[in-house]
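Protein chains in written order, with our numbering: chain X, 1 to 392; chain S, 1001 to 1392; chain P, 2001 to 2392; chain W, 3001 to 3392.
Worth double-checking, as some hints may not be accurate.
[Unchecked claim] Here's a subset of chain X near chain S, in silico, CB distances under 8 Å, partners left out:
| # | residue |
| --- | --- |
| 1 | G112 |
| 2 | G114 |
| 3 | G118 |
| 4 | W120 |
| 5 | E124 |
| 6 | H138 |
| 7 | G144 |
| 8 | R181 |
[Unchecked claim] Restricting the straight-line Cα-Cα distance to at most 30 Å, the calculated cross-link-like pairs of lysine-lysine (BS3-like) are:
| # | chain 1 | residue 1 | chain 2 | residue 2 |
| --- | --- | --- | --- | --- |
| 9 | X | K249 | X | K35 |
| 10 | X | K249 | X | K387 |
| 11 | P | K2332 | W | K3249 |
| 12 | X | K35 | X | K332 |
| 13 | X | K332 | P | K2332 |
| 14 | S | K1387 | P | K2249 |
| 15 | S | K1035 | S | K1387 |
| 16 | S | K1387 | P | K2387 |
| 17 | W | K3035 | W | K3076 |
| 18 | X | K35 | X | K74 |
| 19 | P | K2035 | P | K2249 |
| 20 | W | K3074 | W | K3035 |
| 21 | W | K3249 | X | K387 |
| 22 | X | K249 | W | K3387 |
| 23 | W | K3249 | W | K3035 |
| 24 | S | K1249 | P | K2387 |
| 25 | P | K2387 | P | K2249 |
| 26 | W | K3249 | W | K3074 |
| 27 | X | K76 | X | K249 |
| 28 | S | K1076 | S | K1035 |
| 29 | P | K2332 | P | K2076 |
| 30 | S | K1035 | S | K1249 |
| 31 | S | K1074 | S | K1249 |
| 32 | P | K2076 | P | K2035 |
| 33 | P | K2035 | P | K2387 |
| 34 | W | K3387 | X | K387 |
| 35 | S | K1249 | X | K332 |
| 36 | X | K249 | S | K1332 |
| 37 | W | K3076 | W | K3332 |
| 38 | S | K1249 | S | K1076 |
| 39 | S | K1332 | W | K3332 |
| 40 | P | K2074 | P | K2035 |
No lab work stands behind these hints, which were simulated from the structure alone. Predicted model only: the values in this text are computed from it and were never measured. Ideal Cβ positions, reconstructed from N, Cα and C, are used throughout, including at glycine.
Number of protein chains: 4
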Amino acid sequence: MTRCHSWATGITAAVLILYFAFSDPQLAMERSDMKRARIRDLGIVVGTLPPGPLNAITDVEGVRVGHVTKIEGKGKLVPGRGPVRTGVTAILPHSGDIWHEKVPAASFVFNGCGELTGLWWVRESGFLEVPILLTNTHCVGRVGDGVVSYMQQQYSQLGIGDDVVTPVVGECDDSTLNDIRGRHISEADVLAALRSAGGGPVPEGAVGAGTGMICYGFKGGIGTSSRVLPADQGGYMTGVLSLCNQGIKEELTILGVPVGRQLTGRSVTRKSMGSIIIIAATDAPLSPRQLERLAKRAPLGLGRTGTVGHNGSGDFIIAFSTTNRIPHRPEKNTRTVTALSDRSLDSLFQAVEEATEESILNALSQAQTMEGRDGNIAEALPLDQVKTILHH
Amino acid sequence: MTRCHSWATGITAAVLILYFAFSDPQLAMERSDMKRARIRDLGIVVGTLPPGPLNAITDVEGVRVGHVTKIEGKGKLVPGRGPVRTGVTAILPHSGDIWHEKVPAASFVFNGCGELTGLWWVRESGFLEVPILLTNTHCVGRVGDGVVSYMQQQYSQLGIGDDVVTPVVGECDDSTLNDIRGRHISEADVLAALRSAGGGPVPEGAVGAGTGMICYGFKGGIGTSSRVLPADQGGYMTGVLSLCNQGIKEELTILGVPVGRQLTGRSVTRKSMGSIIIIAATDAPLSPRQLERLAKRAPLGLGRTGTVGHNGSGDFIIAFSTTNRIPHRPEKNTRTVTALSDRSLDSLFQAVEEATEESILNALSQAQTMEGRDGNIAEALPLDQVKTILHH
Amino acid sequence: MTRCHSWATGITAAVLILYFAFSDPQLAMERSDMKRARIRDLGIVVGTLPPGPLNAITDVEGVRVGHVTKIEGKGKLVPGRGPVRTGVTAILPHSGDIWHEKVPAASFVFNGCGELTGLWWVRESGFLEVPILLTNTHCVGRVGDGVVSYMQQQYSQLGIGDDVVTPVVGECDDSTLNDIRGRHISEADVLAALRSAGGGPVPEGAVGAGTGMICYGFKGGIGTSSRVLPADQGGYMTGVLSLCNQGIKEELTILGVPVGRQLTGRSVTRKSMGSIIIIAATDAPLSPRQLERLAKRAPLGLGRTGTVGHNGSGDFIIAFSTTNRIPHRPEKNTRTVTALSDRSLDSLFQAVEEATEESILNALSQAQTMEGRDGNIAEALPLDQVKTILHH
Amino acid sequence: MTRCHSWATGITAAVLILYFAFSDPQLAMERSDMKRARIRDLGIVVGTLPPGPLNAITDVEGVRVGHVTKIEGKGKLVPGRGPVRTGVTAILPHSGDIWHEKVPAASFVFNGCGELTGLWWVRESGFLEVPILLTNTHCVGRVGDGVVSYMQQQYSQLGIGDDVVTPVVGECDDSTLNDIRGRHISEADVLAALRSAGGGPVPEGAVGAGTGMICYGFKGGIGTSSRVLPADQGGYMTGVLSLCNQGIKEELTILGVPVGRQLTGRSVTRKSMGSIIIIAATDAPLSPRQLERLAKRAPLGLGRTGTVGHNGSGDFIIAFSTTNRIPHRPEKNTRTVTALSDRSLDSLFQAVEEATEESILNALSQAQTMEGRDGNIAEALPLDQVKTILHH
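Can you build the whole structure from these sequences, using the hints too?
Here is the structure:
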């Protein structure tokens, strides 16, 4: 049976995962790490800026996140049949009508060996007019098609009297655990992720597009974090959500400590070095030029978790501001916008770097051990060991 | 009945088009223009370099092109049902195993308000490892998914023991004539376009992805052209294939003459200003850096056909060389490649500009009048008038 | 005697040039072309938009231009001594305090084989805070140093309590006519160009930085043009000033006619293919992102004059808007700016393309024949022949 | 008396600095830190790859470095007179004829608020054909002019029968310590730096262009480091030289430890956030595309020293390979080059990141306390404190 559900009904999946975990004697050894936590709750504090109330991208008002997690089958890979360890994640930049109230946006491609469709349009127009979807590499087409369905359903004149639409879909490769050839994300899954998207706490780890991802040799996936600036610097909120599939064990660095070299647990060695998609949201009134500069800082936060930025890792960053929305069909040729001085950017740079770094660590600290196709296992980052190493 | 067929069986479609054309009294007036021709056959010679034997992208040895043209229904638009005026075009960079013998490639995005997926990977890696597909905007996802199917069929270890794949799919908006919301390109159409792809003459005009396109207010679509350098400059062959959907009537310029302003025929006015996708192939041993420079010259050829390069026009160029192929899994860390001196680039720049300009004119001079959804008609460029204006 | 003078006292130089011209029997044949004109005054009308009152970049309110032309000596080159055929041109974006009221700016590098210093800062900051200077290739350092002198004189705290400054200096290679090794532009010349800069008609042809430049094999140099939009499209003024040193005779195209191939006059053949620097100014309230898009269209206008965009040609475009000025030390973190909808850009694109094309033709039609070092002669474009060819 | 000397005669300058240092009672307190060291000699080991024999950019065979350090006067700033705390540094990519044997090169601009002239040419051509010079911001013009002098002296046909030259000059702002308005670098200084350039150990800290620089609130300047790959990965040597003027004290991070927050010494607070220029050299046979990818990794090493990448920091990276040299006037149109597989890049990425990080720490650990204009003092990084903090 295919277990396709939004995160609101994620309990079944969690149960399923735990079943896998504990039914495997090897995994039983990892029990002490089964209790997952956010990295900050372990006393590991990244940077100096305070997080928002949820320490999540949803701290930026109006930003919504929805996951559909697909876990099905076990054992030997039968291409097209499973096992399935994948999903789709939707990020909506605000709670209104995105097509008619576009948001300023930009991107930075740190390493292009991956895909984030629709980026050329974002760069040229300086705005984002669709939700951002994340999934596995071979499902990009299907998920993009699902976004077109979603947009066509929302806007009946799209492609008739109105413009056409270009989806924004990012991907990482989950083929170590997942039957990626099976392309198990359907239009219905995309619609479910979009419709279930909400504010509030964001499920992290092996959920949504993160279900089958591996990060620094351990189970990775979705992580999020946020930072709020002091009131005298505008009090702006900046949030990051990352789909983490990058790095090798030996690189993993936490708070500057090369933890990965000291961890003794079993880790996954992949030929491919994975990828990361980073989404940064802010309510600071940034222009596309400024958002590109913001996006360009995210790799510094990424780099502090240890990766060298591998040749085959598709590392894409997309950033948007929820302020200064752009009308789809402006009534007048000109409008008035609020511009932030570049001299105020430094603390926003710091915010995005800290939130990026923490989002990656959250993906690791929240993800549960996952057994995938052919018995491939991505173990949860052993948090006890991490704490021991850091407090040594 | 859906008429889905490769260009090898294009006669039915042509009959159908002619039926539409002549059954409409207004169109009957255009009879004298019904006989289409390549622009050069009208005595209109672009530039000074000689074309290759076919004056087509297939003059570059090994390059193959396949079209699937989909024409179905007539009259009022019923979204999802038709009328269908669309298609898909496949370009394969050589006749061998593209995945294992990648070709050096690069791109230039003259205006990003459109989509050509997979371009970040091409830019970062410097190679193309998949066929290039062209289609309509809302079918990009389905066509990309079809490319994944094609690649998975070809390579059984893709996504298992081998890497994952990112499709390269470009688009233009054919919604003035076509039921674009219906997304009428299926996986089977993509596979048919890829499998029917061959060398030899390339059908032009309202075929493949060009079926529903409009160019400078007239019926546009697919055009192609080539140039060969003198033997003392290496004798290299450079070919261009364009999917032409750009511009407004008043801009149309042929051999420097502002023909569009003088043409009296009925032309289409669109809100959106269309787009163009340009594919340049060469057997000159160019590096990705040099190919990017080559791609950057194509807009000069485009500009000479009159467009200002509209805000909403997604103008993408991708260029590849068939020489210096890159192994998928190299046996050694280093290999030997042939490098062309930058001092030899000027005539290649000229070649790509001339072939781009001529390919656009060929799309116009070859395309037949097409009636699409809601009785929208894109008339064929009236060649008699053009000749009269030019020879005045 | 060194003849260093601002254009306000340009008569001496003109006399000197005429002396050269008529003392040479070969040149006397060109007498009929000695009377120079702006291209539009010859009945050659580029495009469809109307020019501003002066048909010059100075039609954009506040923009000022100053030239210093240096002509000295004759005959055999003695490196370091002469003959001197060079100069410097200054463009100030407005008539106020540029450092404290910066203007939004951007650039596009069509071909990077040249130099326009300070461009990275312009791109990153999105503004221009210094005048733009143009000169010959080997004088870029000295001219940049002169700009630092100018700025230090204007702002006594620069480099002490205030920021440091990065000059914006563009160049072309005038070594066919000029003793470029002599680097004959001094700090005093730079200051004179800046201080003599004014509004009003802009001297064109062999003046300022254009003194020794060659364009399409004929005498080139400085050209300018402007376009004004209809009132219902905002009535914005866009002006272009070009330093024209690009192309070979066979390429020269005027109004789409390949004039160069038919001209019988003597033209200069150079190993190097020259370069062009294009400066676009507008009072439309464009953001840096939009100005970059504007700059990206200038090559279409350039391409319509015939060049293929040679390998060795450094083709740089810088664009700025005089609206929405940016304070040096903002009092508040945010300010309000006017934003133009991207949907209004098309006519600005057209304006910049037409003004670019016409500015290049003006440089050619205004430049007088110039004899330079070693008796190298760049003849004036034979306007009678051009008219005959065009009206044929 | 102006003390202008190459590093070969650096002893006078060192004596002078010590004189300043110890004649100031405040500075005497810092005595224990006066003994400078390379960071590795303090037991602080960055990364896991081994350095080359010199742990310097000169480990890449043929790379030469020359410094001219200018220290003059003391006390109150008299603009134009001093005090002088500046210099110039030259890096030559190989020991042969750079103009006729150009090296493949590329760049990455992490933050463009600074200057590295000539970069557009490097990017377009894919090669470096001149030495790289580093200096202070206001001397860029004079140093560029000095490079033209140097090239003209070397190549008598430059600008006559041969091409013209575009200098590559990078800068940082040393105005906190130096009379930057005085522009105290002369043509003679540039020539001296170039002519004194050699292989062997590279003086670090407050030498050459680094003389007046400040880094993380402490005395910064020049630092260098190198890494060698294992033989089975090609055994390639990669070296980095950085001109370090970036960051604020609170950011300084060493081996992941936020040392800056804990250091109690007096540090400099600047309005401007400085800049960094990073030069990476390798003997791996990289193409310009690959070198750009290498350059793009340097910010990860930079980021690990703590900076957020400030708005006003001009952070430029230029990378070159000493292999596959490009002839100035090729005899044939094509030549054969060695290409490294992208799959071999990861360890080179690691090398450049580690060498960048260590080069910055070396600049800090080697620089002596410097008193500059108006009694402004940049203290040496207190190494004893650093060690205590790290070993705590």
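Hint check results:
1. G112: 3 Å, holds
2. G114: 7 Å, holds
3. G118: With a minimum Cβ separation of about 7 Å from chain S (threshold 8 Å), the hint on G118 (chain X) holds.
4. W120: 4 Å, holds
5. E124: Constraint on E124 (chain X) satisfied, holds at 3 Å.
6. H138: 5 Å, holds
7. G144: Interface hint status for G144 (chain X): holds (3 Å vs cutoff 8 Å).
8. R181: 5 Å, holds
9. X:K249 with X:K35: 21 Å, holds
10. X:K249 with X:K387: Within the cut-off at roughly 16 Å; holds.
11. P:K2332 with W:K3249: 26 Å, holds
12. X:K35 with X:K332: Distance of about 56 Å is beyond 30 Å: violated.
13. X:K332 with P:K2332: 28 Å, holds
14. S:K1387 with P:K2249: 28 Å, holds
15. S:K1035 with S:K1387: With a Cα-Cα distance of about 14 Å, the restraint between K1035 (chain S) and K1387 (chain S) holds, given a limit of 30 Å.
16. S:K1387 with P:K2387: 24 Å, holds
17. W:K3035 with W:K3076: 28 Å, holds
18. X:K35 with X:K74: 23 Å, holds
19. P:K2035 with P:K2249: With Cα atoms ~21 Å apart, K2035 (chain P) and K2249 (chain P) stay inside 30 Å; holds.
20. W:K3074 with W:K3035: 23 Å, holds
21. W:K3249 with X:K387: 28 Å, holds
22. X:K249 with W:K3387: The hint holds at about 28 Å.
23. W:K3249 with W:K3035: 21 Å, holds
24. S:K1249 with P:K2387: Distance ~28 Å between K1249 (chain S) and K2387 (chain P) Cα, so the pair holds.
25. P:K2387 with P:K2249: 16 Å, holds
26. W:K3249 with W:K3074: 25 Å, holds
27. X:K76 with X:K249: 25 Å, holds
28. S:K1076 with S:K1035: 28 Å, holds
29. P:K2332 with P:K2076: 61 Å, violated
30. S:K1035 with S:K1249: 21 Å, holds
31. S:K1074 with S:K1249: Since the Cα atoms of K1074 (chain S) and K1249 (chain S) sit roughly 25 Å apart, the hinted pair holds (cutoff 30 Å).
32. P:K2076 with P:K2035: 28 Å, holds
33. P:K2035 with P:K2387: 14 Å, holds
34. W:K3387 with X:K387: 24 Å, holds
35. S:K1249 with X:K332: 26 Å, holds
36. X:K249 with S:K1332: Roughly 26 Å between the alpha carbons, so the hint for K249 (chain X) and K1332 (chain S) holds.
37. W:K3076 with W:K3332: Measuring from Cα to Cα gives roughly 61 Å; hence the hint is violated.
38. S:K1249 with S:K1076: 25 Å, holds
39. S:K1332 with W:K3332: Status holds; Cα separation ~28 Å.
40. P:K2074 with P:K2035: With a Cα-Cα distance of about 23 Å, the restraint between K2074 (chain P) and K2035 (chain P) holds, given a limit of 30 Å.
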